[in-house]
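Chain by chain, the residues:
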Amino acid sequence: MKKLFIILIIMIFTMPTAFCTNINLSDFSNEMKNYSNEFFPELGDESFITSVMCGDVNASENLFQKITDIFLNEFKSNISLVIKIVGIAILCSVLKNIQSSFGESGTSEIAFYVCYILVVILIVTTFANVIDLCRDTISNISNLMKLLVPLIISLIVATGNVTTVAMLQPVLISMIALITNLLSNFVLPVTFISTIINVISNISEHINVEKLSAMLKKCALWITEITLIVFVGVLSLEGTLSSTVDGITAKTAKVVVSSAVPVVGKILGDTVDSVIGGVTITKNAIGFVGILAILAATLMPLIKTLIMMIIFNLSSALIEPIADKRIVKCMSGVGDSVKILFAVLATVVFLFIIAITFMLKLSNTALMYK
Amino acid sequence: MINDLSSTASTLVAAVILITIIEMLLPSGNMKKYVKFFGGLILMLVIITPIINLFNSDIDIEKLIEENQIEVSNIEYEFNESHIYNSYNENLKLDIIKRLEENGYKVIDIKMVTDKNTYEPTDLELLIEHDDGDIQPVVIDVFKNASTELTSYDKEIIKTIINLNYGIKKANIKIN
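Taken in order, these protein sequences are the chains called A and B.
Here the numbering used here is used: the first residue of the first sequence is 1, the next is one more, and so on.
Here the numbering used here is used: the first residue of the second sequence is 1001, the next is one more, and so on.
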């Protein structure tokens, strides 16, 4: 018994130490204030965090109602784009029909080119706005995670799950940096290039580089899917091993302490238990608030991107009966690209929510062994 | 890497627009489809270039084309050379045959050796048919005692003709 005790003390002192920040709840809530908006207005309030800790989650009311309202508003404000495009397409087809009655085929081509250029200008400016929005959102989320992850990790250490932290921390931080860099600096430009190639392949009827654009789109989608799978796989593998180790270590330590120390052993063990329980509750609350913050920061861009996709596909469907098929192909190609942008954004949000939930859950399993 | 990709994309855009304009400007005719074909080839080249650069960074398409051009022009030069040489030989032989026919000597076979560099004929071998109305071509041989032998007078005449017209030394001419 004595040997075991000495061994345990030595283990505790030589375990890898993780940093421990001073957890100041008001600092955290000040940071969260940056992310509160109309979806989750109470995000920055300290009282909200404390109420979450008590299990009294009164997150935003009428969330669904708000989402639908904003959806309709954005739709209405973007409907002018659809009207412009439909107008130009009607003009183009009228011009073509007039020209064919005059006989010259060269001038009808030029009329088509003028209308095509107008449509392309409208589309590409909107698309550039959407891509900028996505890029800003991804960097926002990355900043938020850089704030959240050290906080939650230090809380996990405070609950005694050091092995989890030792395995999780490098993986998590490198993964976050890798994913945001990859998606923001590679996938988004590739999507943009694919859109441009799609636009120019519809300038002339005989020159077709459609397959190149399709290949680039598939490439972008593949990379997002692969990052998703790899990330979730790595997290779950690394996490399951370490959480079990942590649970058993903690239980062993408690048992040893309560039976080795003569008088106050049992009381000591139980006090540590309740302290760890309290810290776990705080950690879970902060993690939950963090997830709400991620949602608050990304719900608006997600809705906007979704609406853009709907608008492009809708206009392409509306003008299909009357317009030249090249304009239709161009528009549906751009709609496809916006779909990929939406997928990228949704992947990022999904990944980070999963990451935080995983972190919380892994440290909670250690409690199961008590 | 993304800068490379965007530069190839802008090259591609510029190439497509240029080729579209050229296609538009061409009057319809026979040349149109060939121009379209070559435009497509150029586009394919533009798309392939970054892929090749990815795998082998010292391949330069322009250098490849230059080297191949040099090889092709070498082959052309050699072919032209041999072609000229052969056709010169043929024409010279035909000329000799015609001239000898005008003078009454029909040539069955002619072998000529020409210097490759100066294009001067050096050796000549003739197989003459004795033209006295016989139907059968007569092969003059030393061992035969036929009366259709070429007299040395005839041979002298032939040699003189050839020497005067073609500059071949009489000693180098063999007549059978």
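There's no promise every hint is true.
To be verified - Across the chosen pairs, the derived CB separations fall in these ranges:
no.	chain 1	residue 1	chain 2	residue 2	range
1	B	Ile1022	A	Ile98	25 to 33 Å
2	A	Ile173	B	Glu1067	27 to 35 Å
3	B	Ile1022	A	Leu63	53 to 61 Å
4	B	Glu1081	A	Ala214	18 to 26 Å
5	B	Glu1062	A	Ala317	43 to 51 Å
6	B	Gln1069	A	Ala214	41 to 49 Å
7	B	Ile1022	A	Leu182	54 to 62 Å
8	A	Leu241	B	Ile1065	23 to 31 Å
9	B	Leu1064	A	Ser101	48 to 56 Å
10	B	Ile1065	A	Arg135	37 to 45 Å
Unchecked claim - Just a sample of chain B residues kept apart from chain A, beta carbon distances all over 12 Å, derived:
no.	residue
11	Glu1023
12	Gly1029
13	Glu1081
14	Ile1084
15	Met1112
16	Thr1114
17	Asp1115
18	Asp1154
19	Glu1156
20	Ile1161
Unchecked claim - Keeping only pairs whose Cα atoms sit at most 30 Å apart, straight-line, the calculated DSSO-like set for lysine-lysine is:
no.	chain 1	residue 1	chain 2	residue 2
21	A	Lys325	B	Lys1032
22	B	Lys1033	A	Lys211
23	B	Lys1033	A	Lys96
24	B	Lys1106	B	Lys1169
25	B	Lys1063	A	Lys325
26	B	Lys1032	A	Lys211
27	A	Lys329	B	Lys1169
28	B	Lys1032	A	Lys96
29	A	Lys66	A	Lys146
30	A	Lys96	A	Lys211
31	A	Lys218	B	Lys1036
32	A	Lys329	B	Lys1111
33	B	Lys1033	A	Lys325
34	B	Lys1106	A	Lys211
35	B	Lys1106	A	Lys329
36	A	Lys211	B	Lys1169
37	A	Lys96	B	Lys1170
38	A	Lys146	A	Lys339
Note that these hints are calculated values from the structure, not bench results.
Glycine included, each C-beta is placed from N, C-alpha and C at the ideal position.
Which numbered hints turn out to be false for this structure?
Per hint list: 2, 4, 6, 7, 8, 11, 25, 27, 32, 34, 35, 36 and 37 violated.
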